[in-house]
Every structure is written in C-alpha cells, then in structure tokens.
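Build the full structure now, drawing on both the sequences and the hints.
Per this note's numbering, residue 1 is the first one in the sequence shown, and the count goes up by one each step.
What the hints contain is simulated information worked out from the structure, not anything from laboratory work. Some hints could be false.
Stated by the list, open to error - With a straight-line cut-off of 30 Å between C-alpha atoms, the simulated DSSO-like cross-links for lysine-lysine are:
| id | residue 1 | residue 2 |
| --- | --- | --- |
| 1 | Lys72 | Lys100 |
| 2 | Lys72 | Lys32 |
| 3 | Lys54 | Lys100 |
| 4 | Lys68 | Lys100 |
| 5 | Lys38 | Lys4 |
| 6 | Lys100 | Lys38 |
Remember, it's a predicted structure, so these values are computed and weren't measured experimentally.
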Amino acid sequence: MGSKVEQKIQSKGLIVQSLVYLMRKKSFHEIKITEICKKAGVSRLSYYRNFESKEDIVLYYFNNNFEKIIGKITMMESISYRELIEMLFLHFMENLEENKLFFRDKLIYLISISTDEYMKKFLKVVFKDNDHDDFILKFLQGGIMNIMIGLMTGDENHSVEDIAVRIDFIYKMLSERTEI
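Quick look at the structure:
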C-alpha cells in the first residue's frame, strides 16, 4: 500500500474515532466539523478530502465494519445463512455502545442504508448459486434491522446464537413454502 493510501485510511480512522468520542459527550447534531478535525488532529481540507458530511462518517463507520465481516466470510470455504447471521450479530454486539449512540441521535436511516447494501453482498457469498428468493431475503433484512433496533433500545435480550437460530429457522420455513 502506498503512503498516501495509508495516510488516507489513517485519517479516516481518526475522524471516525473522533466523531464517536465526541458523540459520547454530546449529540451528533451538536458536533461541529471543526471539533471533529481538532480531536482527530487533521485539517478541514483533509476532512473534506475524505468526507462530504458528518453523515458520510457514519456510513463509512458501518461500511468499514461490514467490510471486516466480508473479509472474514470470504476466507471461509463455505458459510451457512445461520453462521452469517451469527457473525453479523456478534460484530454488531461487539460495537453495541457505538451503535446505541447512532440510534440515540436518530441516525438509524444510515445504519439501514449500510445494512441493506451489505446484506446483498453477504448473501452473494452465502448463496453462490443465487438460488434464493429476493422477496424473502428483503423480508428478512427488515426483520434483522428491527432486531438490531431492539438490541439498541434494550427491547431484545436474546443471545446472538438464539437470534441466529431463530432467523435461520424463519428463512428455512419461508424458503420451503409452496409456489404461489
């Protein structure tokens, strides 16, 4: 990797870390770009080379986390739908405190955008033969998003394994339906 690429990745990481740090102290909407730059130790020019808005930082945060999961699952020879869901929720739970900050500040739509985009990528890895019903998968994506919301609000208290088993059961049940 060239030094400019490494520097860009490092700057993005510092900006993300700074935003999350500042969000622990005050609302996302109260945080100014100047504060993020100061905390990250980067110039405004560097900030705007990497991000157009604070919302872009949040999208980058989630996309980067999902890329880590994709990296793990592509290293595996095969992965079941249940294993994918388990990995997704394990990673989500590892970052639950940060996720709660984004939810608190009504940024759930950004989580949803990123989740929707990456679920499609995850499912391409799981269903290499593309033998699945897109309608069912979209339905399950909505359910997964709502379970994530429940975890952030404290309304859900199931273990990651239990969540994965239940979602996999629902997927199999829906997939085995007769043709309409």
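Pair hint outcome, Lys38 versus Lys4 [Cα-Cα no greater than 30 Å]: Holds - the C-alpha atoms of Lys4 and Lys38 are around 21 Å apart, at most 30 Å.
Proposed proximity, Lys100 with Lys72 (alpha carbon, max 30 Å): holds, 24 Å
Hinted pair Lys54 and Lys100, Cα distance within 30 Å: Judged against 30 Å, a Cα distance of about 17 Å means the pair holds.
Given hint Lys100 paired with Lys68 - CA-CA distance at most 30 Å: It holds: about 20 Å lies between the C-alpha atoms, which stays within 30 Å.
Hinted pair Lys72 and Lys32, Cα distance within 30 Å: violated, 35 Å
30 Å limit on alpha-carbon distance, applied to hinted pair Lys100 and Lys38: holds, 24 Å
Hint 2 from the earlier list is the only one contradicted by this structure; the remaining hints agree with it.
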